[in-house]
Amino acid sequence: MSKNQQEYYSYTSPAINSSSSSSNPPPSAPGSEDFAPPSYDEAIIPTTGATLPPNRHNLQGYVLDPGAPPFNPNVPAPTSSNVLQQPFINTGDYGPVESHSDEFHSPLLSNTEPDLFRGRPAPPGYSIYKAKYQINDHGVLSRDKHINNDGEALLQFLYEHNTPPKMAVRFRGYHMETVWRSRTTRDSDGNTIEERNPETTQVEDFSFKIDASSYVSPVCQGMYILPDPKTGQAKSLRELCDEYIHEKNNLKELQLTKEVNWNFAELTRAFTAVIRQNGYYETVVITYELENETIVVKTGSTLSVWSDNRWMRLAVIVSCLWIILFPLFWFIKKRFGHSVLKSAWNMNISERDWYQLNVNEVIANSKRRSGILPNQFIGYS
Numbered sequence: 001m002s003k004n005q006q007e008y009y010s011y012t013s014p015a016i017n018s019s020s021s022s023s024n025p026p027p028s029a030p031g032s033e034d035f036a037p038p039s040y041d042e043a044i045i046p047t048t049g050a051t052l053p054p055n056r057h058n059l060q061g062y063v064l065d066p067g068a069p070p071f072n073p074n075v076p077a078p079t080s081s082n083v084l085q086q087p088f089i090n091t092g093d094y095g096p097v098e099s100h101s102d103e104f105h106s107p108l109l110s111n112t113e114p115d116l117f118r119g120r121p122a123p124p125g126y127s128i129y130k131a132k133y134q135i136n137d138h139g140v141l142s143r144d145k146h147i148n149n150d151g152e153a154l155l156q157f158l159y160e161h162n163t164p165p166k167m168a169v170r171f172r173g174y175h176m177e178t179v180w181r182s183r184t185t186r187d188s189d190g191n192t193i194e195e196r197n198p199e200t201t202q203v204e205d206f207s208f209k210i211d212a213s214s215y216v217s218p219v220c221q222g223m224y225i226l227p228d229p230k231t232g233q234a235k236s237l238r239e240l241c242d243e244y245i246h247e248k249n250n251l252k253e254l255q256l257t258k259e260v261n262w263n264f265a266e267l268t269r270a271f272t273a274v275i276r277q278n279g280y281y282e283t284v285v286i287t288y289e290l291e292n293e294t295i296v297v298k299t300g301s302t303l304s305v306w307s308d309n310r311w312m313r314l315a316v317i318v319s320c321l322w323i324i325l326f327p328l329f330w331f332i333k334k335r336f337g338h339s340v341l342k343s344a345w346n347m348n349i350s351e352r353d354w355y356q357l358n359v360n361e362v363i364a365n366s367k368r369r370s371g372i373l374p375n376q377f378i379g380y381s
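The numbering of the sequence shown is our numbering, which starts it at 1 and goes up by one.
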């Protein structure tokens with residue numbers, strides 16, 4: 001997974017005073033690192049005065065779109081085996097793109113007539129339009145002209161490319177160090193004056209990540225749409241697609257965001273407690289990073305393409321035109337689905353089981369990379 005991952009959920013546990021943690025026994029003798037770590041139920045018990053991670057409410061207030069296959073009961077849902085065997089074709093219509101594994105880009109919906117029309121025969125001469133698109137770290141981007149003008153083609157494009165996101169969990173620990181920098185100057189009389197100024201820097205003690213992509217279910221749980229706050233009514237996905245294609249704004253864009261259903265707060269609390277109980281009292285940051293988490297459709301207009309071009313953006317920044325253009329583009333751009341349209345994904349493993357699978361690796365990596373000696377870690381009986 002690359003450095004361009006989306007930060008999906010993150011919690012920072014600030015440094016604590018080791019002397020104030022009365023629940024921790026004194027450092028044990030060498031060899032104590034071979035004791036079993038605490039169970040998940042023990043690790044999630046909050047300590048006195050601890051700040052608990054906030055939970056992530058993924059789809060609170062959203063409404064399931066009943067018309068989206070394979071969630072219609074008459075349409076068989078794809079299994080993990082047949083989903084991952086379907087090919088994912090990168091047309092490369094926008095030039096060369098980065099190499100990505102195709103394992104998680106297989107379409108969730110088979111492009112067969114029964115699936116698309118819920119068991120009914122397709123209209124005469126009907127065929128699935130294969131839109132042009134490109135793949136980046138965040139997912140799929142298309143500027144295809146046809147799906148910008150055909151609501152049904154846009155709908156099928158979203159279904160076809162609604163593939164499982166990838167996820168990794170990053171563990172990071174750091175502390176702050178203050179050093180004094182000396183600087184020699186001369187006063188108005190020519191006398192030498194030495195000044196000492198404090199400079200505080202962040203020093204990383206450990207940083208590693210564990211891939212959890214293989215545990216993301218290959219079957220989507222549904223398309224969800226947030227109702228209009230004024231009317232309380234939720235559009236269907238097809239209605240949202242039709243609204244998009246009828247919008248004349250050259251800077252319009254539609255985005256579907258993938259949500260992963262997991263108790264991130266509880267799992268984060270468990271791993272934070274384990275790292276703390278093993279003798280590390282500095283700042284701990286646990287971040288869940290997503291890749292292939294969006295499907296974006298934009299127009300192929302020159303203005304839209306230029307607004308996304310990195311060299312054009314750099315030129316605008318260097319020329320200081322960003323002060324005018326960036327706010328202007330922000331207000332002109334018409335967004336569809338950005339915070340309104342989501343697809344839901346489950347994990348095929350519980351938080352407890354994933355903790356048990358990886359807790360020893362987390363302890364070993366935080367211990368080795370933070371420089372704490374083995375006999376400085378707390379043993380578990």
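Do not take every clue at face value.
Claimed, not checked - Simulated crosslink set (DSBU-like; lysine-lysine; CA at most 30 Å straight-line):
(1) K235 to K132
(2) K367 to K209
(3) K235 to K367
(4) K209 to K145
(5) K334 to K132
(6) K367 to K145
(7) K132 to K367
(8) K342 to K230
(9) K334 to K248
(10) K130 to K145
(11) K342 to K132
(12) K130 to K334
(13) K248 to K145
(14) K248 to K367
(15) K130 to K342
(16) K342 to K209
(17) K132 to K248
(18) K230 to K132
(19) K130 to K235
(20) K342 to K235
(21) K230 to K248
(22) K132 to K145
(23) K130 to K248
(24) K235 to K248
Said to hold, decoys possible - Distance windows between CB atoms, simulated:
(25) V305 to G232: 36 to 46 Å
(26) L303 to R186: 35 to 45 Å
(27) E7 to I193: 17 to 27 Å
(28) R183 to E247: 51 to 61 Å
Just so you know, the hints here were simulated from the structure itself, not pulled from any lab data. Treat the numbers as computed from the prediction; the structure is a model and nothing was measured. For every residue, glycine included, the Cβ atom is placed at its ideal position computed from N, Cα and C.
(request) Starting from the hint list further up, note which numbers the structure goes against and sort them upward. (result) Numbers 3, 4, 6, 7, 14, 18, 26, 27, in rising order.
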